[in-house]
Amino acid sequence: MPLLISSMTGGYADAERINRELAEVCETFKIPMGVGSQRQAMENSTYHASFKAVRMSAPSVPILSNIGAAEVAQLHSSDRIEKIIDLIEADALYIHINPLQELLQPEGSPNFRGVLVGIERLVKSLSIPVFVKEVGAGISKQVAKRLLDVGVNGIDVAGAGGTSWAGVEILRNKEQNSVLQFWEWGIPTVESLLQVASLKPQFDFTLISSGGIHSANDIALSIAFGADCIAMARPLLQTLIQSGQLGLEKKLNSLSLDLRRIMFLIGAPDCKSIRSAEVVKK
Numbered sequence: 001m002p003l004l005i006s007s008m009t010g011g012y013a014d015a016e017r018i019n020r021e022l023a024e025v026c027e028t029f030k031i032p033m034g035v036g037s038q039r040q041a042m043e044n045s046t047y048h049a050s051f052k053a054v055r056m057s058a059p060s061v062p063i064l065s066n067i068g069a070a071e072v073a074q075l076h077s078s079d080r081i082e083k084i085i086d087l088i089e090a091d092a093l094y095i096h097i098n099p100l101q102e103l104l105q106p107e108g109s110p111n112f113r114g115v116l117v118g119i120e121r122l123v124k125s126l127s128i129p130v131f132v133k134e135v136g137a138g139i140s141k142q143v144a145k146r147l148l149d150v151g152v153n154g155i156d157v158a159g160a161g162g163t164s165w166a167g168v169e170i171l172r173n174k175e176q177n178s179v180l181q182f183w184e185w186g187i188p189t190v191e192s193l194l195q196v197a198s199l200k201p202q203f204d205f206t207l208i209s210s211g212g213i214h215s216a217n218d219i220a221l222s223i224a225f226g227a228d229c230i231a232m233a234r235p236l237l238q239t240l241i242q243s244g245q246l247g248l249e250k251k252l253n254s255l256s257l258d259l260r261r262i263m264f265l266i267g268a269p270d271c272k273s274i275r276s277a278e279v280v281k282k
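Take 1 as the starting number for the sequence shown in our numbering and just add one per residue.
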């Protein structure tokens, strides 16, 4: 099952336990895992253990480091990024672009001037792949092309339809009425996926689908529409919190079984073959 447990948490006391438990399950299922934003880890070492727990608990699976595009835009070298990569012995770097969230955050810093230049600098200087992801507003074809033009290795569309970080920030905002219109702002996951997938003939990159993925049917549809990998976050974290590691393992087994059932019903011998199954797309 081409699944990634997506970036969620880190940088506070209880995150060490959560990341450790998530990573242990990832190790069992051989599923890649992304960590939450490492901005705090880049600024001080107070909660470095909450990030280190991931590699310690998942020594053999791909781990993705994570930093915001706003931070990347302010850096003039890759030194600080390399430190957070080394902290978790990451196999790849996620750069999350979140202009809507930063715009709505009471303490946000929506300063994205120089982001593309900063991303290109990291692509050229780092020895690991660089992926760019949204956080719930989707990525358009035009934006994806600009990212691919500077050499990014993968794009996670993270479209509208899953967790609304805009909604979270609106609830925190004292002037809710003036920003309420942005609660559902963004490109829906399927539309974003289709737009970015249309660039496949021009570029060699990994396309990740995320944003409202809950079921094996969602996974199958994502693959049918061009995704190479599917990322899930909140549904898996909720399961871990409510039912523990055994509950999460049960959920992952259920997703895998249901995906195999779908493949059987549409005559797909492997995941890639799902793309040619027109019945899924309809």
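Careful, some of the hints might be misleading.
[As the list claims (entries may be wrong)] Here are the computed lysine to any residue pairs in the SDA-like style, where the Cα-Cα straight-line distance is at most 20 Å: (1) Lys-200 - Glu-278; (2) Lys-30 - Lys-200; (3) Lys-141 - Trp-185; (4) Lys-124 - Lys-145; (5) Lys-145 - Pro-188; (6) Lys-83 - His-48; (7) Lys-251 - Lys-83; (8) Lys-251 - Leu-237; (9) Lys-83 - Asn-111; (10) Lys-83 - Thr-9; (11) Lys-83 - Lys-145; (12) Lys-141 - Leu-75; (13) Lys-141 - Lys-83.
In case anyone wonders, no lab produced these hints; they're calculated from the structure.
Evaluated hints:
Proximity of Lys-200 to Glu-278 is assessed by CA-CA distance (about 19 Å); at most 20 Å being required, the pair is judged to hold. Between the alpha carbons of Lys-30 and Lys-200 the distance comes to roughly 27 Å, so the proposed pair goes past 20 Å and is violated. Using a Cα cut-off of 20 Å, the hinted pair Lys-141 and Trp-185 holds, with the two alpha carbons roughly 17 Å apart. For the proposed pair Lys-124 and Lys-145, the alpha carbon gap of about 17 Å is at most 20 Å, so the pair holds.
With a C-alpha separation of about 18 Å, the suggested pair Lys-145 and Pro-188 falls inside the 20 Å cut-off, and the hint holds. Our distance criterion of 20 Å between C-alpha atoms is met by Lys-83 and His-48, whose separation comes to about 11 Å. For the suggested pair Lys-251 and Lys-83, the alpha carbons sit about 34 Å apart, so the restraint of at most 20 Å is broken. With a CA separation close to 11 Å, the supplied pair Lys-251 and Leu-237 stays within the 20 Å bound.
A C-alpha spacing of about 23 Å is found between Lys-83 and Asn-111, which places the hinted pair above 20 Å, so the restraint is violated. For the proposed pair Lys-83 and Thr-9, the alpha carbon gap of about 18 Å is at most 20 Å, so the pair holds. The straight-line distance between the Cα atoms of Lys-83 and Lys-145 is roughly 29 Å, outside the 20 Å bound, and the hint therefore fails. At most 20 Å may separate the alpha-carbon atoms for a hinted pair to count; Lys-141 and Leu-75 exceed this at roughly 26 Å.
Proximity of Lys-141 to Lys-83 is assessed by CA-CA distance (about 32 Å); at most 20 Å being required, the pair is judged violated.
Checked against the numbered hints given earlier, the structure breaks hints 2, 7, 9, 11, 12 and 13 and satisfies all the rest.
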